[in-house]
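Using the sequences provided together with the hints, build the complete structure.
Number of protein chains: 4
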Amino acid sequence: MSTEYFRDISKIPYWPSAGAKDVLCFKHYNAGEVLHGRTMEDWLRFSVCYWHSFCGTGADPFGFPTLYRPWNEGGSAMETAKKRLHAAFEFFTKLGVKYYTFHDRDMAPEGSTLEESNCNLDEMTDLALVLQKQTGVKVLWVTCNLFAHPRYMNGASTNPDSHVLAYAGAQVKKGLDVAKKLGAENFVFWGGREGFLSIYNTDVAAELKHMANFFKMAVAYKEKIGLKCQFLIEPKPKEPCKHQYDYDAMSVIGFLKHYGLDQHFKLNIEPNHTTLAGHSYEHDIVMTSVFGMLGSVDSNTGSPDLGWDTDQFPMDIRNTTIVMKTVIEQGGLQPGGLNFDAKVRRESTDLEDLFIAHIAAMDAFARGLRNAVRIIEEGVIDGMLKERYLSFKEGIGQKVDEGKTSLEELEEFIKQNGEPKVTSGKQEKCESVFNHYL
Amino acid sequence: MSTEYFRDISKIPYWPSAGAKDVLCFKHYNAGEVLHGRTMEDWLRFSVCYWHSFCGTGADPFGFPTLYRPWNEGGSAMETAKKRLHAAFEFFTKLGVKYYTFHDRDMAPEGSTLEESNCNLDEMTDLALVLQKQTGVKVLWVTCNLFAHPRYMNGASTNPDSHVLAYAGAQVKKGLDVAKKLGAENFVFWGGREGFLSIYNTDVAAELKHMANFFKMAVAYKEKIGLKCQFLIEPKPKEPCKHQYDYDAMSVIGFLKHYGLDQHFKLNIEPNHTTLAGHSYEHDIVMTSVFGMLGSVDSNTGSPDLGWDTDQFPMDIRNTTIVMKTVIEQGGLQPGGLNFDAKVRRESTDLEDLFIAHIAAMDAFARGLRNAVRIIEEGVIDGMLKERYLSFKEGIGQKVDEGKTSLEELEEFIKQNGEPKVTSGKQEKCESVFNHYL
Amino acid sequence: MSTEYFRDISKIPYWPSAGAKDVLCFKHYNAGEVLHGRTMEDWLRFSVCYWHSFCGTGADPFGFPTLYRPWNEGGSAMETAKKRLHAAFEFFTKLGVKYYTFHDRDMAPEGSTLEESNCNLDEMTDLALVLQKQTGVKVLWVTCNLFAHPRYMNGASTNPDSHVLAYAGAQVKKGLDVAKKLGAENFVFWGGREGFLSIYNTDVAAELKHMANFFKMAVAYKEKIGLKCQFLIEPKPKEPCKHQYDYDAMSVIGFLKHYGLDQHFKLNIEPNHTTLAGHSYEHDIVMTSVFGMLGSVDSNTGSPDLGWDTDQFPMDIRNTTIVMKTVIEQGGLQPGGLNFDAKVRRESTDLEDLFIAHIAAMDAFARGLRNAVRIIEEGVIDGMLKERYLSFKEGIGQKVDEGKTSLEELEEFIKQNGEPKVTSGKQEKCESVFNHYL
Amino acid sequence: MSTEYFRDISKIPYWPSAGAKDVLCFKHYNAGEVLHGRTMEDWLRFSVCYWHSFCGTGADPFGFPTLYRPWNEGGSAMETAKKRLHAAFEFFTKLGVKYYTFHDRDMAPEGSTLEESNCNLDEMTDLALVLQKQTGVKVLWVTCNLFAHPRYMNGASTNPDSHVLAYAGAQVKKGLDVAKKLGAENFVFWGGREGFLSIYNTDVAAELKHMANFFKMAVAYKEKIGLKCQFLIEPKPKEPCKHQYDYDAMSVIGFLKHYGLDQHFKLNIEPNHTTLAGHSYEHDIVMTSVFGMLGSVDSNTGSPDLGWDTDQFPMDIRNTTIVMKTVIEQGGLQPGGLNFDAKVRRESTDLEDLFIAHIAAMDAFARGLRNAVRIIEEGVIDGMLKERYLSFKEGIGQKVDEGKTSLEELEEFIKQNGEPKVTSGKQEKCESVFNHYL
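Protein chains in written order, with our numbering: chain P, 1 to 438; chain Z, 1 to 438; chain W, 1 to 438; chain B, 1 to 438.
Don't read these hints as lab results, they were simulated from the structure. Fair warning: there could be bad hints in the mix.
If chains are identical, the list can't say which one is meant, so a pair holds when it fits in one copy or spans any two.
Unchecked claim - Result set (DSS-like, lysine-lysine): computed pairs, CA atoms no more than 30 Å apart in a straight line:
(1) 399 - 222
(2) 216 - 257
(3) 257 - 399
(4) 224 - 415
(5) 222 - 98
(6) 174 - 393
(7) 224 - 399
(8) 222 - 257
(9) 11 - 386
(10) 421 - 216
(11) 209 - 421
(12) 257 - 180
(13) 404 - 174
(14) 415 - 82
(15) 181 - 224
(16) 181 - 404
(17) 257 - 224
(18) 257 - 228
(19) 209 - 257
(20) 257 - 404
(21) 399 - 209
(22) 228 - 98
(23) 94 - 421
(24) 98 - 180
(25) 393 - 216
(26) 174 - 138
(27) 181 - 98
All values reported here derive from a predicted model rather than from experimental measurement.
As structure tokens, then:
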């Protein structure tokens, strides 16, 4: 039996003309090339997501599955799961990506009882461990799917029924065990059903407390089993809920600080969620970085004119440049990375489209990285910023910056110095200089 | 000289037909009527805002002023300011509202120096104090206008130039003195320019630190002068900035907790800002109430299909009902209130439109209050909620609620009890029951 | 064998308290009551939709099915289809609604060939005809599902492959035959995949022409078979497409007029689609009515803070009032009606929730109808409008209205009469008067 | 007296470092360079707008003016107007742009009567004619400001008072005379107040008819005076109105066709308006081009996360590339052009920022043009498209395309040929290939 599902990418004609002058290959990404002191691979830490790329069917709310995947054909659920895992590792290897991410229920089918589900997971992660060792591919993060099963329709840790919360707790316990077994570098919580559909039937105060207590139990168990990975919360404003408690980066930070959980968590930012919350693409990445909470990035994109999560592959060089500039400035994402939480369109039905999409997105980020390195190394934009804030380096400004002055002293300063001068913000100049690097 | 600008409202024909069967009057609001243990006046604590109703001109980004106001005609800036103040108190009194709110620069014109501005403010607040004593009308809150003057174009406490920050500090110092002098019950900070227009020219980390230090100075000065009022921050996501740091309730809560400021501040929620942040009308009111941070409400509305702050008078009974339900459930807004941060449309050019708009909005809130009282006193919705969360009152649910269990115990519970049963969320039933009270 | 799936609604306790003082029943809708010259039933022409209420599973993009429906259990696809149809007619009858709507593929399962699908449809519509005659329930409209099958993923009449377009044509031919057989009063086209996901791979000009030609063929066939029903196009801006050609009412009107199709079509307006297009709830209903193109209404609602189609049951009395006011003013919707293109939430898992949702929505529209009748019969709002536009009833205004003047004459009028006087738009007064009727 | 307001741009240091290695200059735009058969100047037809760049003050709804412009200081209104006009022509010339656009009221101050306003306009356009001849700069388009004066607060051609409509007519008559006098190549109608604030006080049917009759009078007068320019309508969905009748391209096309006006008008598309209507940046440009109605472009941009018109200078190369690809494909914009309806930020207070912004935007469009030419000349994307729609070139597809088939024939085709094959839409590949050209 062959486990070969994918062609050699260097044989896929990329340029559409008959006499193809080009085959599918990276045009910008060069894993081992050193930029600004690290290899590209090390800056970018790409990861393939299991659910979209290996479990996705192309179904949408208005349409049936469109994606034929040979690993999904025939056999029992567990046999299919194994074929899928082999296919995935073949893909990771041929693509040359060193990390993957998955939900517990992506990798192993849910059984009719918790015990059966756990048993399935044990068997599948045994195989995953073998494949990881064979290939050197590692787990960027694991997460538990606490949203797809009907039991979670009204929430997992925020469910009005404590029985459901208990189920979620049991599932997370196993998920943490799996994270340890597979050496996952991070563990993600995405609360897709932790919120409400209607304020009328919801006790928000109770639900928030339960969610906090749930996280505390996860922290306790993590410490008990000596699991070293970073906990991450992934904000999303809405969809499937009308309102999710983890609306955006600042909502999560506020929640974590209120419940004394901020030392135990960082954030996994997905820009498609950020834009759904009404922010610009880079907003939550910048804000979490400023608050020291940027842990990892789900590198995808939406369309600004659409109001739901489209999970498209990121292609905009301007966006990838800003993200990578932030990443470099905070010294990298380790132990996080850039996870492609993105799916090929349901109309992109060729198996090669999986390669095309990943390669195009990796190239887009490689271009972003190169641009960001040039911006940082040339120092023009940074110089403009430094000059702009110069007044906080001495005198009254320095006192403000260090928290050593008072309203009385500020008033006295104005009485001495009068009206400040008008200073142009030079926004168009900054935009133009930024454009120069794209 | 007469300071009478407004007609007696009981003589304004309200119904448009020639043989008017109706004059302008409250149809639902009845100040002294006791509901659920307090007078309507005490639950609602209405306040008229000075800027829109007495300083507004009707100008918009595409049009010149449309509103002719007799108190703005003729005389020096200070003479006009005094006429305006007399007009306002005449309006408060005829309308029967006991509170007003104002920015420092609404009440007294800005001078060419800080000293001159302060001098103007002293003179005007002397007069205000006289009028307050004569009428019994009080200050719900004062705020400093740190956004309209060109010096603040790049921010006040987050300005890249510390000279500007110093000016803002001097202005707030005076504002706090004024708050004390006039017995203001609250003091509001709205950071209309505290954010950014472009991420490219902004040092977010520095600006947030400066903003926090600025608030700390305000707290210190407040304590120094023995000012008793409640400090309030008013979130807004954007406009005039592309992004304001005080994006929404949770952003502000996260910021306050991060900088250790949460004991000193509550929030002033404006629903038109909440909807601009992508939330439902009541969202920030509910969330701040849950976090014990709801201080006051800027009772206005926008249109869900518009992306800017229209500051319309609130007219939707469903919205006013939910707001009042939340207010009653937290035991009232004291020392906050319901401030009409709302403006008549620029096309509503009749002086009587000011009365019509306020009376209609007060009636809308009076209907909301009556509905909310019925909802709470009949207890049907509350009963549905209690039943829904009943499982947290005993057994494993109670342990979760009290933070006394663990993932291991939850797993054990599931091994014993298996799959939870499916329970309908009954959303349509809740909506239908809610409709019953509207 | 019993085909009884639903309880008698008069035995379902509605009020949640133990000693229920109330059972499920209409509180406002009274089918035979005459208002403004017609029965409520005749003004409202309610219709139940087949897909959401009988085929819906509760699956969403993030979750598996939640809704257990006894008629979906056991048996072959055709056996299930028949049980479903019996259940539906039982529901229509117990609810007291006289119309239903369906897609071809809701009623009969798709076969492996067109012939087999058509055969299934013949068998199912034979049964439908029997049940229609037995119950008196009629078809408000039929539509063909040209979006769910994978073949339509890139469009039906706008597919880049003419083979797919041909398939859609064959399917519509059969759909029209079915419409005739069952006496459908209307036939709807909803182009869920008629648009694009990416402008980069789309030839918009070609696709629009093909769509127009497709409609022309449908008109020709309708005339050929003597089908009397009204053709309706249902606009939607996006979802599943990034952009649908039938974006909103005016887009469809522009398209129809450009291709000379406007005599053959009216519009079926769904307010949840209207708000997704950035309009207010009532916008497309008002605009189509003004252009003489309002044919029918999919009476549902979304949430203004959500960017996708939630298809909720309409509960807002303000909205139902405006819709019914427009409907009355144009003399009714005949042969259209109010079709509940709405689904119970996936968390509303009780079978009784189907009744609760429909009854609550029917009551919401009954209240809207009563309000609208009062508004129209009392004439206050209409009087305000008449007075506002009075200047077009004589003199220069009348000439403008009748198209009998010129810029030169207008200039001469201004030279004679100078500046117009300022007239308040009285928006708050109108809103307040409108509130009076809610 | 010197009329020199601006420095020589080649002396403005552009790169911020002290030892400037760079002065302000075009880096991509090269007016005379021939690409795809025309000069860049000829493809791009840049135009400077008068209102933002010469009349703008930097005031916004929350702030006072910030922009000090020397030509606005001192003197009477007419003296200032003349200084402004000299400044503008100095700027056009130094920038090297051959077109400008203006509103009647930008160029000459409104008088206290129509006659006085017209007299001011005569005097100012005499001067403009002299300066046009001296410099060779021409008028891309004129428009009448029918929105800023209070008389137009409730609309101009849709005002409920026919007296106001008459005023607007008189003003347009003069505007058309001015267009002829100055040789304007186009005349624009932007209906900023042609819509409604509230549906409650609006007779939509009457207003639409009056607007149509107004346009008919304008067409008649244009023909009478032998004015050769192209009439253009500029859509905008909202702001200042809650809803504008000219919502987007398709709304305008529907309106024009309904009233038989489509032969006399094309559209002036502003992408910032397009995105406010919920579309992607390029949508209305593509749609009008497909319908043969793309007349001119107001080349600006907004921010996708903001809900109002920010009129920023266009800087995104992806956007400029798509626009120019569409422009080239329709054979150019003549007699239209790319008008910079964009304003420097109110914080960009240096006079040089005007140059920086225009040069950066012109460079952005020059890059877009170069990219578009490469895309078109290399033909890869076009080849992919042609292949995708190939089936419409023969057989049943060709019959569909030519409107020569029927549903019966399509059904027969399917009976013969069965199920179509699945064909990937290759969206990611298209995006990737497009990225290759950026």
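> Where does the structure disagree with the numbered hints, that is, which hint numbers, in rising order?
Replying inline: Nothing - there is no hint that the structure violates, so all of them hold.
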